[in-house]
Amino acid sequence: MLEAGFGCSDGSSDLPSPPTALTEKRLHYRLYKMHHPMEANEPTTAVIQIAEPKEAEEGRAPSLLSRWAALNLQEGGPSQGGQPRMPQGCLLPLPSISGPEDVIVKVIYCGICHTDLHQVRNDFNASKYPMVPGHEVVGEVIEVGSAVTKFSVGDKVGVGCIIGSCSSCSSCQSNIEQYCTKKIWTYNDVYHDGKPTQGGFATTMVVNQKFVLHVPNNLPPEQVAPLLCAGITVYSPLKHFGLSQSGLRCGILGLGGVGHMGVKIAKAFGHHVTVISSSEKKKKEAMEHLGADAYLVSSDQAKMQEAADSLDYIIDTIPAVHPLEPYLSLLKVNGRIIMVGVIPGPLQFVTPMIMLGRRSISGSFIGSMEETEELLKFCADRGVSSTIEIVKMDYVNKAMERLEKNDVRYRFVIDVAGSNL
Amino acid sequence: MVQSQEEEHPRKAFGWAARDTSGVLSPFNFSRRTNGADDVTLKILYCGICHSDLHAVRNDWRNTVYPIVPGHEIIGAVTEVGTNVTDLKVGDITGVGCLVGACHTCESCEGDQENYCHRLILTYNSVDRDGTVTYGGYSDHIVVPRRYAVRVPQGLPLAAAAPLLCAGITVYSPMKHYAMTEPGRHLGVVGLGGLGHVAVKMAKAFGLKVTVISTSPAKEKEAIQGLGADDFLVSRDPEKMKASASTMDYIIDTVSAVHSLEPLLALLKLNGKLVMVGAPDKPLSLNTHPLLFGRKAIGGSMIGGMKETQEMMDFCCKHNITADVEVINMDYVNTAMDRLAKSDVKYRFVIDVANSLSN
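Chains as they are written, first to last, in this note's numbering: chain W, 1 to 421; chain Z, 1 to 359.
Simulated from the structure, these hints should not be mistaken for lab results. Take the hints with a grain of salt, since some may be wrong.
[Claimed, not checked] Each computed EDC-like pair below joins lysine to aspartate or glutamate, with the alpha-carbon atoms no more than 20 Å apart:
1. W:Lys332 / Z:Glu110
2. Z:Lys282 / W:Glu374
3. W:Lys332 / Z:Asp338
4. Z:Lys221 / Z:Asp324
5. W:Lys156 / W:Asp312
6. W:Lys332 / Z:Glu107
7. W:Lys150 / W:Glu325
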């Protein structure tokens, strides 16, 4: 039930007749145009707001039930390299209970992940528009389906990167459902019912209870958001690869959302942490605020040489193509570099760099629901917090631009509930 | 004044050496040290020709000091033991592989992984503790510290055992370290040469299911009937490769030419490991998506430590594992090198040194 309406250049709004097969009151929409002056260098995404028509007619601000969506505005579609145009709008169905195990979550906060940026820009050539990104969601349960046992209305909950899986494969059966080959992404995917999935840049979401997490009451909700993707992305491989005992020497490559969580979690495990960055400018922050033990600038050949063979593991968080050799040489014998950045392109390496020293290049992807709950408890117990910049929804495009330039300490978190959507 | 190779040590030695980048080998008079308190001296009986020997004589890695006497798959008989050596005696059949020294104080050495020591001394083309260049097994005798000799268990045919000292340990060590030995699991072996064929035999002895992955369909018969592999996959057949996606627990990649890793990673199951023991001399491309979304790993490995080399020899004796070899005389060595460059050997040349090396 998704229709895109483009091409109204005279300023009038598009009012198609309401869908008829629906009985839920929330499923009638009216389009509101969002003014967004487009200039030559504007990024090719914008956000629009759609709202519940009844309230709009009464002249009130749009209700709880609106969605913020990234639209691909290029004429003729992304592959034809068209020019950005002003958004004309689109219709999106609101979430509703579709199965007995569904939970409706009122979104309070949603983190902005670098992958959101890649997805809205179609960097993986797989983006479907309109797209509502966001997979670091903290919210409150406002409705539960008839078979929901894990949650009650009012519970503080979290939703991460996936909201569905097959339940029957060996990954699902062994509680590592993030590796299910039929997993369903929180946004830009297709749900079991054939409908597109839409994420947390929205006031509400409907999620199967299996993919909803309890958020401990003693964790500030805005800080929980980054744990649901950035945090678990670090925690899961440290547990899986047997790297959680204290005393290890850790390297964190890249100091963004995942990197800063890497520093905090590794410190909480009792590791000696070296931050490896492309510039000096984050050094003070890293050492004084995040608690890193050492800081290496990757272009400082002398210091890099000195640090050769000193690290048990490196978490490589860089979400872009970059050389591997300088970092492989920092690893001790049997050391492991764990790739966690989602990179739109191949890297390269020379085999002797891993043969000498018997080093490994591994990868890891988020963590399971079980591990994520364990992480939340771990953070609550050890006082591990995230360092965030809270923004309102109307700042989201600016935030995306700043994220692209790595200009954030260290995760933007959208105050969705406070954005008057 | 630089001493000549004949004068730098007290004892005369004779072998074949390459003198320039053509890599052509010819008779060479040189010298070796006397047997020290911790040393053993071996009269060399056989020496395998490793692909690394070919690279070294032709200066492919740009680090060859000429004249070079290659050879690091050595089988010999002990002719002298130092006063501190108590567990080997004259006449014992022993082997020497790729290493003849290390620092013995670093973490790697203390963990019996001398092969990862930063100050490791290779059997040839390396600088020994006394500052002289080491000479390898294409020669009449060699003197090594006892630590770098392994006993060849009785029952192993000697010429066929020689390649175990390099090819054998090069695949045995990562199979143990990366835990690729669980019976019933599925191993892929990429490349069917010196390393690959030994990997197949060892894997079968570990109780693994083995699939040989090769570019040449012609090797299927030998792989399955000759070596005992369970299956054969032509890597250039995209349909067959696709049908085998996510079926292997581990892969040992012995190929030393530049090749694509993505099709190999696709063959691995979740948590699968791809271990590289061949060393292409140019960078390989790596798309990290399979590593993330399948939690897969690429690991490297380089020969093995001395303790595990002995363990490997004993394992091979127990399971009757030796290399498939073509025994040649010393004067055939240049032809053998040319054939090796074309991969025209099943699967290792071994020089019958004792019977064919003459002054």
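Hint-by-hint comparison with the structure:
{"no.": "1", "hint": "W:Lys332 / Z:Glu110", "verdict": "15 Å, holds"}
{"no.": "2", "hint": "Z:Lys282 / W:Glu374", "verdict": "43 Å, violated"}
{"no.": "3", "hint": "W:Lys332 / Z:Asp338", "verdict": "38 Å, violated"}
{"no.": "4", "hint": "Z:Lys221 / Z:Asp324", "verdict": "15 Å, holds"}
{"no.": "5", "hint": "W:Lys156 / W:Asp312", "verdict": "37 Å, violated"}
{"no.": "6", "hint": "W:Lys332 / Z:Glu107", "verdict": "10 Å, holds"}
{"no.": "7", "hint": "W:Lys150 / W:Glu325", "verdict": "47 Å, violated"}
Violated hints, in rising order: 2, 3, 5, 7; the structure is consistent with all others.
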